[in-house]
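Starting from the given sequences, assemble the full structure and let the hints guide the process.
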Amino acid sequence: MPPPSNLEQFQLLPDRPAIRLDSRLVCKYEVLSVVGKGSFSQVLRVQDRITKRYFAVKLVNTDQDFGAVNNELTILGRVKHPFVIRLEEVFRSPTKLFIVMEMASGGEMFDRVVAKGRYTECEARLAIKMLLTGLDYLHRNLITHRDLKPENLLYSDTRPDARLLITDFGLAKQTKSQDERMTETCGTPEYIAPEILLRIPYMNKVDCWAVGVIAYILMSGIMPFDDDCRSRLYTHIITANYIYYPQFWSGSEQAKHFVDSLLETSPDFRPSAQEALHHHWVTGERLIPINNTSLGRKQINQIDIRKDWIDEKERDILDGGDITDYETNENGGGTGGAMQRTKSSRSVRSVTRSDHGHRVDPREVEQLAEDLQRLAKQQKQPPPPHHQKHNSSSSSSHHHQQQQNRQKHSTSQNRSGLVVFILKPMEIAKKTKNYGII
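In terms of full-length UniProt numbering, the sequence shown opens at residue 1 and continues consecutively.
What the hints contain is simulated information worked out from the structure, not anything from laboratory work. Misleading hints may appear alongside valid ones.
[What the hints assert, rightly or not] Taking lysine-lysine and the DSS-like style, the derived pairs with C-alpha atoms no more than 30 Å apart in a straight line are:
| id | residue 1 | residue 2 |
| --- | --- | --- |
| 1 | K96 | K129 |
| 2 | K129 | K116 |
| 3 | K176 | K129 |
| 4 | K116 | K28 |
| 5 | K58 | K116 |
| 6 | K116 | K176 |
| 7 | K129 | K173 |
| 8 | K96 | K116 |
| 9 | K58 | K80 |
What follows is the structure, given as structure tokens:
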């Protein structure tokens, strides 16, 4: 039986307040430094006194956000994978939790993106492959993360090819079956999937949408969906309204194809983590665009050339400012995306950190869903047929049609007084058909 808990004062730094630590923790580990501090926790770097291995210890007050922490511990105690942060052990006291975890000394993906400006395509592909591999493991074990973003992805060390670790399972949920749907409105606004915003019961493909957002960020250094006004932001998301800016985008056409497949508004047509792992861009097959005059646009054909990639051209990243020369996504992407709208121009902002309090407000989501339902009913559209699951070929066709039919938005005000972008009649019919909201 372990000795009883006893909190003792430790002065780690001369100019900082002393920290109360569990004596059992200090007996087993040598405390080396403070490596992070959040709203509700601190993170220490420690070394096992016997094995000399390094670990991170997260100190959490039990009266602050304990539900999320307890949920995270429950899930981490059930998983073991190279691309998921490993839980070592937990010391509990009446007022604090001391969570000993794998040391990820390489820092956050967010910080790497900020430092580099953007990833090269090869760097992005490696990161996304590791992320999808870990995510596929979680999904096969019925765990949906629900808050994937660069801040919640850590590197095991500082090497360029370090392991990527999925962390922060405070909003994660383990279901009882693959078919069980979730209804909670949660996540970070810029990464949340359309079905959550539309209050449609959802499954683990909400994580795959977030992977698409992350992939876009890695290869551009900017957000695909970014607006200070939440209602406009959410409208951009539910219409997959984003732009590939040539001044920022470092990826190839096949990289765009990969991102577009994940930023599919209908989850029935969005690939799973396992399916995304087999995408040509991830596996190393090459996609060559050819003209197809019958469709009046470029089609993507596959040529099986393993590890044969188009050489990447290094381009300077522009500072944020007015952009007039831009490129829509390959399938006819819309006019919004990762920018802050103004009357006459759009400014592009670099990726920004989402702090702990930056969460989706269920009340805003409820208002948005009600507005969409009301607008759809005003169009007097007939009830849509039941949405059936389609194979991959029909999925591709649906995705191209969806992208091709994108419309611009007009503005209006909802009951809360926020300016929102109202869907045109064609888009209302399309969205209500996809989601069955009328």
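Status of each hint after checking the structure:
1. K96 to K129: violated, 36 Å
2. K129 to K116: Answer holds: K129 to K116 is near 19 Å, not above 30 Å.
3. K176 to K129: With Cα atoms ~27 Å apart, K176 and K129 stay inside 30 Å; holds.
4. K116 to K28: Given pair K116, K28 is violated - Cα atoms ~38 Å apart, limit 30 Å.
5. K58 to K116: Cα-Cα ~28 Å, so holds.
6. K116 to K176: Violated - the C-alpha atoms of K176 and K116 are around 41 Å apart, more than 30 Å.
7. K129 to K173: holds, 23 Å
8. K96 to K116: Given pair K96, K116 is violated - Cα atoms ~37 Å apart, limit 30 Å.
9. K58 to K80: Since the Cα atoms of K58 and K80 sit roughly 19 Å apart, the hinted pair holds (cutoff 30 Å).
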